[in-house]
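Visitor: Sequence:
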Amino acid sequence: MVDFLAENNLCGQAVLRIVSRGNAIIAELLRLSEFIPAVFRLKDKSDQQKYGDIICDFSYFKGPEYYDSKLEAKPDLQDLDDEFRENNLEILSRFYLAFESVHKYIVDLIRYLDDLYEGVYIQQTLETVLLNEDGKQLLCEALYLYGVMLLVIDQKMEGEVRERMLVSYYRYR
211 MVDFLAENNL CGQAVLRIVS RGNAIIAELL RLSEFIPAVF RLKDKSDQQK
261 YGDIICDFSY FKGPEYYDSK LEAKPDLQDL DDEFRENNLE ILSRFYLAFE
311 SVHKYIVDLI RYLDDLYEGV YIQQTLETVL LNEDGKQLLC EALYLYGVML
361 LVIDQKMEGE VRERMLVSYY RYR
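Here this note's numbering is used: position 4 in the sequence shown is 214, and no number is missing along the way.
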């Protein structure tokens with residue numbers, strides 16, 4: 211049988227790419243966790259008073275018209291919202307892309323497993339991959355990396371902060 215990690219072994223190369231991408235995603239999540247804009251935490255009163263009307267959690271999706279009409283009613287709030295957008299859109303985009311890449315990672319891992327099950331990789335099944343030492347290690351590592359991604363997101367970025375950043379990204383895009 212061909213070496214699992216050989217360049218001409220598509221099955222091995224596919225899982226190797228998935229694992230490699232998983233490590234890159236974790237590195238990006240760790241980098242980004244150090245640059246969460248403090249304003250999204252809404253910890254101090256001044257931030258709450260200043261930005262409370264423009265930074266929303268998921269409740270925004272229950273009635274976006276309410277929040278938008280609130281903004282339209284006050285020109286100074288619109289100016290603050292525009293300034294906030296200009297100052298934070300780039301970092302919000304990076305966070306969104308990182309969260310999206312976590313989703314894409316697991317979708318690709320599931321697709322890889324489905325491809326193994328459906329026989330896309332000739333002479334390779336989940337059982338033969340798990341019988342191979344490298345294949346077994348890479349499959350375990352791929353699943354482990356997904357768990358690490360979820361833990362990094364959960365431990366380094368508070369849930370409320372993630373919500374506020376995602377809603378802000380949605381509003382500004």
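In case anyone wonders, no lab produced these hints; they're calculated from the structure.
Please note: incorrect hints may appear among the correct ones.
Stated by the list, open to error - Keeping only pairs whose Cα atoms sit at most 25 Å apart, straight-line, the calculated DSS-like set for lysine-lysine is:
1) K366 / K253
2) K255 / K280
3) K260 / K280
4) K346 / K366
5) K346 / K255
6) K314 / K366
7) K346 / K314
8) K314 / K280
9) K272 / K260
10) K314 / K284
Visitor: Next, verify each hint and record whether it holds.
Guide: Now for the hints, and whether the structure bears them out:
no., hint, verdict
1, K366 / K253, "holds (16 Å)"
2, K255 / K280, "holds (20 Å)"
3, K260 / K280, "holds (14 Å)"
4, K346 / K366, "violated (30 Å)"
5, K346 / K255, "violated (52 Å)"
6, K314 / K366, "holds (20 Å)"
7, K346 / K314, "holds (22 Å)"
8, K314 / K280, "violated (35 Å)"
9, K272 / K260, "holds (23 Å)"
10, K314 / K284, "violated (39 Å)"
Hint compliance for this structure: hints 4, 5, 8 and 10 are broken, all remaining hints hold.
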